[in-house]
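Participant: Produce the complete structure using the sequences and hints provided.
In order, the protein sequences belong to chains E and S. Just so we're aligned, residue 4 is where the first sequence starts under our numbering, counting upward by one. Just so we're aligned, residue -17 is where the second sequence starts under our numbering, counting upward by one.
Okay, the calculated beta carbon distance ranges per label pair:
| # | chain 1 | residue 1 | chain 2 | residue 2 | range |
| --- | --- | --- | --- | --- | --- |
| 1 | S | Glu173 | E | Asp231 | 28 to 34 Å |
| 2 | S | Gly150 | E | Gly175 | 53 to 59 Å |
| 3 | E | Ala10 | S | Asp306 | 57 to 63 Å |
| 4 | E | His99 | S | Gly327 | 52 to 58 Å |
| 5 | S | Val447 | E | His99 | 26 to 32 Å |
| 6 | E | Pro279 | S | Gly222 | 38 to 44 Å |
| 7 | S | Asp(-8) | E | Thr33 | 34 to 40 Å |
Sample of chain S residues facing chain E (criterion: CB under 8 Å; computed from the structure):
| # | residue |
| --- | --- |
| 8 | Val113 |
| 9 | Val169 |
| 10 | Gly390 |
The set of hints was computed from the structure by calculation and includes no laboratory data. Backbone N, C-alpha and C define an ideal beta-carbon position, used for all residues, glycine too.
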Amino acid sequence: MATSPTALPTRPTTPDDLQVIADRIVAHVTDAGEGVEANVRVERTRHGLTRFANSFVHQHVGEDTVAVALTVAVEGRTSSASTTAIDDEALARLVHDTVEAARQQPVDPHWPGATPATPTAGTGTIDAATAEADPDARAAVVRDFVDAADDLRAAGFVDTELSQVAVASTAGQRAAGQTSRATLDGIHQTDTSAGAAHATSIRLADLDGASLGAQAADRARRSASFVDLEPGRYEVVLAPEAVATVLTFLSVYGFNAKAHLEGASFARLGEDQFDPAITIVDDPTDARRTGLPFDAEGTPKQRTVLVDAGRTTALAHDRRTAARSETTSTGHAIPGGAGIGAVPTDVTLQPGTTPLDELIAGVERGLFVTQFHYVRILDPKSSVATGLTRNGTFLVEDGEIVGAVGNLRFTQSFLDALAPGAVTGVGDDARYAHGEFGPGMVICPSLRLASWNFTGGAKG
Amino acid sequence: MRDAGNEMYDYAMAAVEGALAAGATYADARVVIRRHERLTAQNGELEGVDRMEDAGVGVRALIGSSWGFAATSTLTDTAAKAAGAEAAATAKASALVGGSDLALADVEVAQDIYETPHAEDPFTVPLAEKVAVVVDATATMHGVEGIAVATAQLMFWDTDKWFVSSQGHRIHQHLVEAGCGMDATAVGEAETQRRSYPQSFGHVETGGYEVIRRYDLPGHAGEVAEEAVQLLSADPCPSGEFDLILESSQLALQIHESVGHAIELDRILGWEAAFAGTSFLELDALGSLKYGSELMNITADATIPGALATFGYDDEGTPAQRVDIVKEGTWVGVLSGRDTAHLAGLPPGGMVRGDGFNRLPMVRMTNVGLTPGDSSMEEIVANTEHGIVMATNRSWSIDDKRLNFQFGCEIGWEVKDGERVRMVKNPTYTGITPQFWGSMDMLAGEDEWHPWGVPNCGKGQPMQVGHTGHPAAPARFRNVRIGVTG
Chain E
4 MATSPTALPT RPTTPDDLQV IADRIVAHVT DAGEGVEANV RVERTRHGLT
54 RFANSFVHQH VGEDTVAVAL TVAVEGRTSS ASTTAIDDEA LARLVHDTVE
104 AARQQPVDPH WPGATPATPT AGTGTIDAAT AEADPDARAA VVRDFVDAAD
154 DLRAAGFVDT ELSQVAVAST AGQRAAGQTS RATLDGIHQT DTSAGAAHAT
204 SIRLADLDGA SLGAQAADRA RRSASFVDLE PGRYEVVLAP EAVATVLTFL
254 SVYGFNAKAH LEGASFARLG EDQFDPAITI VDDPTDARRT GLPFDAEGTP
304 KQRTVLVDAG RTTALAHDRR TAARSETTST GHAIPGGAGI GAVPTDVTLQ
354 PGTTPLDELI AGVERGLFVT QFHYVRILDP KSSVATGLTR NGTFLVEDGE
404 IVGAVGNLRF TQSFLDALAP GAVTGVGDDA RYAHGEFGPG MVICPSLRLA
454 SWNFTGGAKG
Chain S
-17 MRDAGNEMYD YAMAAVEGAL AAGATYADAR VVIRRHERLT AQNGELEGVD
33 RMEDAGVGVR ALIGSSWGFA ATSTLTDTAA KAAGAEAAAT AKASALVGGS
83 DLALADVEVA QDIYETPHAE DPFTVPLAEK VAVVVDATAT MHGVEGIAVA
133 TAQLMFWDTD KWFVSSQGHR IHQHLVEAGC GMDATAVGEA ETQRRSYPQS
183 FGHVETGGYE VIRRYDLPGH AGEVAEEAVQ LLSADPCPSG EFDLILESSQ
233 LALQIHESVG HAIELDRILG WEAAFAGTSF LELDALGSLK YGSELMNITA
283 DATIPGALAT FGYDDEGTPA QRVDIVKEGT WVGVLSGRDT AHLAGLPPGG
333 MVRGDGFNRL PMVRMTNVGL TPGDSSMEEI VANTEHGIVM ATNRSWSIDD
383 KRLNFQFGCE IGWEVKDGER VRMVKNPTYT GITPQFWGSM DMLAGEDEWH
433 PWGVPNCGKG QPMQVGHTGH PAAPARFRNV RIGVTG
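Facilitator: The structure is reproduced here in structure tokens:
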């Protein structure tokens, strides 16, 4: 509940501290007069990242910052602001300036009202050792990764993050939580090749630097000698990192209700747009998840089945898109994302039962792709994108990996790649995979696909 | 110029002292106060007015082979000193996986102030006036039949930085940046077509609100929307090897991706290998490698008036400068900071910048662009037998060595026998960096040379967003692979 003015924490360290700040801002909004609504979000980030290249640590950073985000509506006229200043005078000024800015605006026809009071399930999952990890703890994981192949050049990072968030609204919503996350993203390099390994968990202790280093080194060594393959259509097995990139693009450009409202999404609800082997769920309740149980607007995140056995069944909504669509928010608002729309951030592709080596064994002639690089959308409506392979691309003949090939460029509709009849195998190896937009968003297995359109090689 | 902020220098100095006391051999610190305002509208309605302000101190400590960096948003002597100590402790921890000691190239120690020349403070222009620009522009675009979504944005930054170092630097900079952009999207049965102005994702310059007045979004809205609708019924871009004529904003992005990132010395040294990648360039080829045709002259110039990456000093206290990168087609220069320059035995280029107070400064592009030629777009088209003119970026992708690229543009025009004969949609082209630049045989002159600004360059881990500039003029490239489709 509201606290006395002297209790405002100067260096908040807990979700409760952040809740005090959020409540204070709501109190200032209430003091601003009748008819003023607001959503408030206060976030503390304690992040450390140990970055290495040429097999030694060269950049080692840490930050501990608090930021406040405020959205106000004055009789339907809206304005948003954020600041890192959290003393009471600064908070009062933030509210005053934002309310005054809102008063000067035209009416925002899509303002859905402040987030109503709704119970949230849980407060997030935290591992204290990860949240408090010091630089030595991260460097130790780096050392194990590097030492796994002392004849190769290693590069990458190990990071640990504590994220604490409190939200409050003038409509009575209050929630606070915290999560921890640790990620290793690294490569080993020969003079001609690289191999990668990735892992993300709630716990730093789960990151096995030696094992991941050995995996990256193995892929680098197997790629050291490669041939350039003629571009064309090939059957493919995509490792989880490559699948994660596909799912990320489908989520941002397709399952995003704002994109759908604007006619730019490929999604057609109720239609069998995907192969029956494909079920995609945005699942914040998964125990492996590193996210909070509520979104940037404070709405509890809903488990949302986006694709059910090939049929597109749902979109991700925030409060704005929900109001425009006469439905309820699914809890997918992202910080600062009103312009982007609602994005699924806990995406899971349901695994199958086939081990990766059996997926590869089924391929007569095709490619095993470990990772994509620099993927960009050409047309969101048809989900056509271009990008390259990276860190290990292998030729498969008669079910066996027979050698490495040089990186290839593709130009491919992701929707077509997963269309009915196009998915010929789903792996049993679902895990957090590090896609194009970073770690902590997608859990997925490997996939075997009937066709992938490679449009260029190293020579163009 | 506002007050030089002795209090801010004190916080920065406290951070440096904290780092030195904890064992740093060198330390520097920046107090940064940054204000950002963004107005967006869609279909004639205001979508948002967002204001961001962040402030804090970031401190770098050098020990052995590693930088340690710490940042806090608490601006007190105590917190700043603690951040300095944490930076040093972090650098020390790196010794567990250490390398050769890092050293810094010498620079003259500066004590100075710098302010972006600007006529009109964008933060004091009445909000209603700024709202009217984006609302009117999107209303006009949305009023064109066939336009489903019309968006416009204005964006402003006002940044104060106080920099001190253990070597005696003491520099205050006040940077002002302003930019705008709009786009109209027409939605067809199975496709979308978009046109943007002045370029995709917006264009930003150093300067004040006068930048917004100069680009006049409402005045160009109708034309932008009509082209988007026309694209739905345009013929697809033909596939094959033809001459490619790029207008200047697409050429700016071509420079950014296939030259700007490739010449970053930290990439060349392998420091970015795991994330963004490395470079096809190797230092022993500096001074001899043929990057392009003799028409290709590229400079990195942080002193161009109005260009986005123009400043007084970089975030290591090195003065802004103009550096030759490619001279008559030969690679002659790199983008560097004090550490990378020392490693490579080169003079420091003053090209290290951080994104706000809480990010470690790193090598970033300044204004990396082409010096103008002596032709013109009109002359280039008139002298082209068969080619495609492409304008305004729609997609971009390049490999981890900056060699194999593919770009998509919003619009194209087929040229036959010296004339634009038809509009074409979904134009794309692909190529390999040195071959592509080697095929440039016509380059427009100063009249069509424009200092394009890119406000969204991602690099580093944690990710940093950088503001870069890319002066360019229209140019022709011979026998390029065009029309790659999915």
